[in-house]
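Novice: Each chain is listed here by its residues.
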Amino acid sequence: MILFRHECRLLLRQRLTVGALALLALLTMAALAGGMAEVARQRAAIAAIPAAHAEDIGAIADYVDRTKDAGSAAYYSFHPTWDAPAPLAFAALGMRDISPYILRVRALGLEAQIYDGETFNPELALPGRFDFAFVLVFLAPLFVIALFHDLVSGEREAGRQRMLEALPNGGRALLRRRMALRLLLLWGLLCLPFMIAAASAGVAVSAVLIVVAIVAAYLLFWAALAALVGRLRWSSVANAATLAAAWLVLVLIVPTLANVAINASIPVHQGAEIAMAQREAVNAAWDVPREATMRRFYADHPEWADSAPLGPRFHYKWYLAFHQNGDARVADKVHAYRAGLEARDATGRSLGWVLPSVGVQALLTQLAGSDLAAQLAYQDRIRAFHARLRAFYYGYLFRDRPFAKADFDRAPRFKDVPRG
Amino acid sequence: MSIVRLIARDELRLMARNRVAVIAVVLLVLLTLVAVASSWAHQNGIAELRGRHAHAAESAFKAQPDRHPHRVVHYGTFVFRPLGPLAAFDPGVDAFTGNSMFLEGHRQNTANFGDARQSSLLVRFGQLTPAFVLQVVAPLLLIFLGYGALARETERGTLRLLMLQGTSRGQVVRGKLLALGAVAMLAGLPAMIGLVGIAGQPGALALPMLAIALGYAGYLALWAVLILLVSTLVRRSRDALLALVALWAVAVILLPRVAPDAANAAVPLSNRLQTEVAVARDLRTMGDSHNPDDPHFAQFKQAALDRYGVATVEDLPVNYKGLLAIEGERLSASLYDRYADASYAAQARQNGLVDWVGLLSPTIALRSLSMAAAGTDFAGHRRFLEQAEAYRFALVQRLNRLQMEDVSYADDGATDAGADRRKRIAAHNWQAMPDFRFSPPSGSTLVGKALPGLVILLGWMAGALASLAFASRRLGARR
Numbered sequence: 027m028i029l030f031r032h033e034c035r036l037l038l039r040q041r042l043t044v045g046a047l048a049l050l051a052l053l054t055m056a057a058l059a060g061g062m063a064e065v066a067r068q069r070a071a072i073a074a075i076p077a078a079h080a081e082d083i084g085a086i087a088d089y090v091d092r093t094k095d096a097g098s099a100a101y102y103s104f105h106p107t108w109d110a111p112a113p114l115a116f117a118a119l120g121m122r123d124i125s126p127y128i129l130r131v132r133a134l135g136l137e138a139q140i141y142d143g144e145t146f147n148p149e150l151a152l153p154g155r156f157d158f159a160f161v162l163v164f165l166a167p168l169f170v171i172a173l174f175h176d177l178v179s180g181e182r183e184a185g186r187q188r189m190l191e192a193l194p195n196g197g198r199a200l201l202r203r204r205m206a207l208r209l210l211l212l213w214g215l216l217c218l219p220f221m222i223a224a225a226s227a228g229v230a231v232s233a234v235l236i237v238v239a240i241v242a243a244y245l246l247f248w249a250a251l252a253a254l255v256g257r258l259r260w261s262s263v264a265n266a267a268t269l270a271a272a273w274l275v276l277v278l279i280v281p282t283l284a285n286v287a288i289n290a291s292i293p294v295h296q297g298a299e300i301a302m303a304q305r306e307a308v309n310a311a312w313d314v315p316r317e318a319t320m321r322r323f324y325a326d327h328p329e330w331a332d333s334a335p336l337g338p339r340f341h342y343k344w345y346l347a348f349h350q351n352g353d354a355r356v357a358d359k360v361h362a363y364r365a366g367l368e369a370r371d372a373t374g375r376s377l378g379w380v381l382p383s384v385g386v387q388a389l390l391t392q393l394a395g396s397d398l399a400a401q402l403a404y405q406d407r408i409r410a411f412h413a414r415l416r417a418f419y420y421g422y423l424f425r426d427r428p429f430a431k432a433d434f435d436r437a438p439r440f441k442d443v444p445r446g
Numbered sequence: 003m004s005i006v007r008l009i010a011r012d013e014l015r016l017m018a019r020n021r022v023a024v025i026a027v028v029l030l031v032l033l034t035l036v037a038v039a040s041s042w043a044h045q046n047g048i049a050e051l052r053g054r055h056a057h058a059a060e061s062a063f064k065a066q067p068d069r070h071p072h073r074v075v076h077y078g079t080f081v082f083r084p085l086g087p088l089a090a091f092d093p094g095v096d097a098f099t100g101n102s103m104f105l106e107g108h109r110q111n112t113a114n115f116g117d118a119r120q121s122s123l124l125v126r127f128g129q130l131t132p133a134f135v136l137q138v139v140a141p142l143l144l145i146f147l148g149y150g151a152l153a154r155e156t157e158r159g160t161l162r163l164l165m166l167q168g169t170s171r172g173q174v175v176r177g178k179l180l181a182l183g184a185v186a187m188l189a190g191l192p193a194m195i196g197l198v199g200i201a202g203q204p205g206a207l208a209l210p211m212l213a214i215a216l217g218y219a220g221y222l223a224l225w226a227v228l229i230l231l232v233s234t235l236v237r238r239s240r241d242a243l244l245a246l247v248a249l250w251a252v253a254v255i256l257l258p259r260v261a262p263d264a265a266n267a268a269v270p271l272s273n274r275l276q277t278e279v280a281v282a283r284d285l286r287t288m289g290d291s292h293n294p295d296d297p298h299f300a301q302f303k304q305a306a307l308d309r310y311g312v313a314t315v316e317d318l319p320v321n322y323k324g325l326l327a328i329e330g331e332r333l334s335a336s337l338y339d340r341y342a343d344a345s346y347a348a349q350a351r352q353n354g355l356v357d358w359v360g361l362l363s364p365t366i367a368l369r370s371l372s373m374a375a376a377g378t379d380f381a382g383h384r385r386f387l388e389q390a391e392a393y394r395f396a397l398v399q400r401l402n403r404l405q406m407e408d409v410s411y412a413d414d415g416a417t418d419a420g421a422d423r424r425k426r427i428a429a430h431n432w433q434a435m436p437d438f439r440f441s442p443p444s445g446s447t448l449v450g451k452a453l454p455g456l457v458i459l460l461g462w463m464a465g466a467l468a469s470l471a472f473a474s475r476r477l478g479a480r481r
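Sequence lines, in order, name chains A and B. Converting from the first sequence to our numbering requires adding 26 to each position, the first position being numbered 1. Converting from the second sequence to our numbering requires adding 2 to each position, the first position being numbered 1.
Just so you know, these hints were derived from the structure itself, not from any lab. There could be a bad hint or two in this list.
Within a straight-line C-alpha distance of at most 27 Å, the following computed BS3-like cross-link-like pairs (lysine-lysine) qualify [unchecked claim]:
#, chain 1, residue 1, chain 2, residue 2
1, B, Lys303, A, Lys94
2, B, Lys323, B, Lys64
3, A, Lys359, A, Lys94
4, B, Lys303, B, Lys323
5, B, Lys64, A, Lys359
6, B, Lys323, A, Lys94
7, A, Lys431, A, Lys441
Derived DEER-like restraints, expressed as beta-carbon distance ranges [said to hold, decoys possible]:
#, chain 1, residue 1, chain 2, residue 2, range
8, B, Trp358, A, Gly45, 52 to 62 Å
9, B, Trp358, A, Arg92, 50 to 60 Å
10, A, Arg92, B, Thr314, 43 to 53 Å
11, A, Lys441, B, Gly465, 37 to 47 Å
12, A, Arg67, B, Val312, 32 to 42 Å
13, A, Val380, B, Gly199, 51 to 61 Å
14, B, Gln304, A, Gly421, 49 to 59 Å
Built from N, CA and C at the ideal position, the CB exists for glycine as well.
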């Protein structure tokens, strides 16, 4: 232990090292603070939904109440859904900046609504977010390189190598101690601020443990790489250059190359095709006999088939029925589109098995619920909610029940999912 | 041969003897070629796909049967953002913004289906484009090749030998600069050849290409100067390397990420839900078409009756419902425009803040220069959104006018068996509607937007050269 303390004193006497460590601590804390501020912004936006929704629905209820028409209520009422950030979201914002986390839907065709985006500044999203995942994946390796590249070569260049080799076991204990100390310092500077932030955000202990283990493993990988390069007995400069080049290749070049390869080899049928096909299917209903539309709808949804036949006047149940028929018409395209997205994502993730940078990013966004899977899960929750909305309004429309002011309060409400 | 060129030739010979350096240069050239080819293919694919989709949407619109004009307002149309040829060099925000937009009455929809939401997580590591290679990878290569240029000579004492032979410090520095500058130009060459390849494309503008070429040449030259500056100031080559890699990491990787986050926190954007609720609220206060006693629409009705000198809307020579639709669309569109303008202004302010950080990071300055000249920055996207909105408004109002003139008021409200037939107007009306044509900005507009970035780069260059001149006077002095 005393040796360890001496080693520590020796290390902290180097100005470069102390500066690097202080910088890493600063960057980690800034990234955590930035991530937490962003998550707080998103939570505040979600918390502001009920008031805005109440105002909107109140005005609609006022005029729908005059006619008691359930169809107008269904047509004009937007219902908010949201994807609350998981406790760990501050550490890895993932796709949460470019995918909507609030989406309003009506009981009309869902495929024309579910792909809508959110207002965001594309130039700010382009370089990626400055979050804990970025500090770990991109920056931490550079600090490992700075601290590890001359562990052996530095001794050789200072002329102490021979002396060290004369120590019992070739001074390997000393080297191990030095490496452990540096790793421990880096790990602590990344993990201590993270653990404080995680505790204040209420992250589950298991998730925190996984993250700190990921940090340790990732740092260990880079330290091992540095040790490997060190065994080539090159000069410190050559070591540093080689390691920086390895960083460039592993963190920047291979992922971008793989992205090109994946997008080329797994074509995704553009979502725009779904939107166009759905619009055709929906609007064609105006030009076919209304009974045909209803027959098709009742075939899919026999629970409403006993509804009264359509009269000569416009009836919203026909309108909503052809919207739902339109969704059904593109269901295959929707499946194919989603399967394509999942295939791309899965391939990207499987690259993480060989590329630590990608693996760490994938794991962190997965834990933080900010990856594509979380986005798709949110879409599933929207779909389930939308099905409840339809059932709710159909209960009035297909049974010709009046829709009064009080009925607006009976509409289904989107529920948050509790997450660990 | 002058001494400067002799030193430069010697430095280059040394690099050529260094097998690692040669491999690195070859790899960079290969990477650029791959980037040019893949970016080129990708953009062609996108252009082809969007063209096909746009064509399908236009034909679908024109193939509509006889319809009530208001049906067509809701049938709407799809528009797709075309990309300029320079997007193959720097696609900018294209992957992050949606590229297809559904235009319909009463609503302003978002542009959907951006590539970033359709790709794996790897897309957030960066996109392999010629711009990315030159902005991010090339400077690091130059660092590897040049960190020791002067530090090595100082460290090994060979500098003193050179000076003993009558070489001045300035000559040594200029010679090394010449060598590293030549390598920098070599590194940028494949991308520039790709850029010239783009010049053969129809629609490629000469001025923006010149701005891009100048910008990247200046950027790489700037790195050459910065590398020599650090190599002059630092006496050990290892320290020079570490300092340069740190500088690179801060300027190229760190600041371009930190600045947007700071801008995002400094200037808040209103989200869609809040905007839509606010638009609905304002619309109600301006004129609530659902309220039969609304003062605005009562006044509007009276004005219409007075204009035609009739007593009831049934007596009007035009369809009052069409008239109402025109007024309603005018009100809602004006509100959407107002909120969209506020959002665009906020985003422009955010980008302005990031541009200020360009004073600290030449990469940010170059990136905004490059995107602005290629027309793939936020302003380019905004151009598309505004043109699409103008087209949407004109289309909807044409259709409303058709309803006003070609559908009678009596038919429009009728519910008898034949009413549906009488409400419809002939299909040739849809074929007469103009298609959406994105009008690309002129070359001088693009260059105008790129100019601030170019000025910042020049400022960096002047500062770096002055520092180098100052530092080289003390080169090799004992400290």
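Novice: The structure should be examined with respect to each hint, and the outcome stated for every one.
Specialist: The hints, checked one at a time:
{"no.": "1", "hint": "Lys303/B <-> Lys94/A", "result": "holds, 26 Å"}
{"no.": "2", "hint": "Lys323/B <-> Lys64/B", "result": "holds, 24 Å"}
{"no.": "3", "hint": "Lys359/A <-> Lys94/A", "result": "violated, 37 Å"}
{"no.": "4", "hint": "Lys303/B <-> Lys323/B", "result": "holds, 11 Å"}
{"no.": "5", "hint": "Lys64/B <-> Lys359/A", "result": "holds, 24 Å"}
{"no.": "6", "hint": "Lys323/B <-> Lys94/A", "result": "holds, 23 Å"}
{"no.": "7", "hint": "Lys431/A <-> Lys441/A", "result": "holds, 22 Å"}
{"no.": "8", "hint": "Trp358/B <-> Gly45/A: 52 to 62 Å", "result": "violated, 26 Å"}
{"no.": "9", "hint": "Trp358/B <-> Arg92/A: 50 to 60 Å", "result": "holds, 54 Å"}
{"no.": "10", "hint": "Arg92/A <-> Thr314/B: 43 to 53 Å", "result": "violated, 22 Å"}
{"no.": "11", "hint": "Lys441/A <-> Gly465/B: 37 to 47 Å", "result": "violated, 58 Å"}
{"no.": "12", "hint": "Arg67/A <-> Val312/B: 32 to 42 Å", "result": "violated, 55 Å"}
{"no.": "13", "hint": "Val380/A <-> Gly199/B: 51 to 61 Å", "result": "violated, 34 Å"}
{"no.": "14", "hint": "Gln304/B <-> Gly421/A: 49 to 59 Å", "result": "violated, 42 Å"}
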